[in-house]
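Asker: Next come the chains, spelled out residue by residue.
Protein chains: 2
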Amino acid sequence: MSEKAKVYIALVHYPVYNKTNEVIASAVTNLDIHDIARCAKTYDLDKYYLVTPIEEQGILVNKILNHWREGFGASYNSDRKSALDIVDIKSDLLDTISDIENISGKKPKIIVTAAKKYDKSITYSLMKSEIANSDCPYLLLFGTGWGLTKPVIEGADHVLEPIVGRGDYNHLSVRSAVSIILDRLFS
Amino acid sequence: MSEKAKVYIALVHYPVYNKTNEVIASAVTNLDIHDIARCAKTYDLDKYYLVTPIEEQGILVNKILNHWREGFGASYNSDRKSALDIVDIKSDLLDTISDIENISGKKPKIIVTAAKKYDKSITYSLMKSEIANSDCPYLLLFGTGWGLTKPVIEGADHVLEPIVGRGDYNHLSVRSAVSIILDRLFS
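Top line first, the protein sequences correspond to chains C and A. Heads up: the first sequence is residues -13 to 173, going by my numbering. Heads up: the second sequence is residues -13 to 173, going by my numbering.
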């Protein structure tokens, strides 16, 4: 890995599918903020974006973040504070990408995960080695609900292979999927 | 791996430490049930035990399980049903171990995770290969709250090395830790 490859992660709440394949904006959940922030911090990612176009959700997330960054939570649990310090909220994917361009001076390459294989699907070891040898920033996208929409997946630079366990069952929570993928790419 | 190594996982709510190092019984949370069941099912483990001595907590867990196994949830989301089918509740660790002995006819070897290294600490690759070549059942213990108590860790057959990411931060949620460890041992 280059001394410090710039890697960003975003949890996308829009556009994602619901159970009946409609494009929706899903709700932000408290544990998605905490679990994924702690995981992103463990693997030393640069920022963790929550992407939601719903203004009230952004206000709610900011309340939670302020509690842990500056309120009672900051003194009660400073480890939580340092994880949540890397969290940011953006209203859409374009804003997220612009933010990374502003920080790093370069457009990030987009990596997504999907439940099926695509022509451009890439193994974890190849992806790991590409990141290690690149000076490009990378943005890893994870979908909530029933997953990222087809246009987002098809527009990405890379699609990671689905996580395969020991059986046929393949319905991990997004929190588990993020944990496993960050470990495979950055441990 | 032997054709189907019998591996069990338990999420321990007692005895665990709280923030001030007292031994407590922690509360069962809904997402610990779901996320870890889905992950255990993905890696084809045999059973996922929730260990709590608090009777009311057991009743609550059973209500949740019934909703997804037999109630509205079973038809709404059958993938969730099949994950939760492997969940069981036990009041303590001895009961959990007895259940495994009843099922498999052998006492399980106990594997725990800990934040520091012990004399008997073992790497993930060695543990993976031991399980692959053993016909013993294994029970993986994970602690909630501030972690498994010292006597539980010292009484285990194996202590897995702490998960190290890319930085100094090492405060994963138990849901993330379970996900990463199952992937390292069984993918």
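Calculated directly from the structure, the hints in this document are not laboratory data. This one's a predicted model, so the numbers in the text were calculated from it and none came from an experiment. Hints are supplied without guarantee of correctness; some may be wrong.
As a list, the in silico EDC-like pairs of lysine to aspartate or glutamate whose alpha-carbon atoms are at most 16 Å apart [stated by the list, open to error]:
id, chain 1, residue 1, chain 2, residue 2
1, A, K95, A, D85
2, C, K114, C, D143
3, A, K5, C, D65
4, C, K67, A, D81
Asker: Each of the hints needs a verdict: does it hold here or not?
Answerer: Results for each hint:
no.: 1; hint: A:K95 x A:D85; verdict: 13 Å, holds
no.: 2; hint: C:K114 x C:D143; verdict: 14 Å, holds
no.: 3; hint: A:K5 x C:D65; verdict: 12 Å, holds
no.: 4; hint: C:K67 x A:D81; verdict: 38 Å, violated
Of the numbered hints listed earlier, the single one contradicted by the structure is hint 4.
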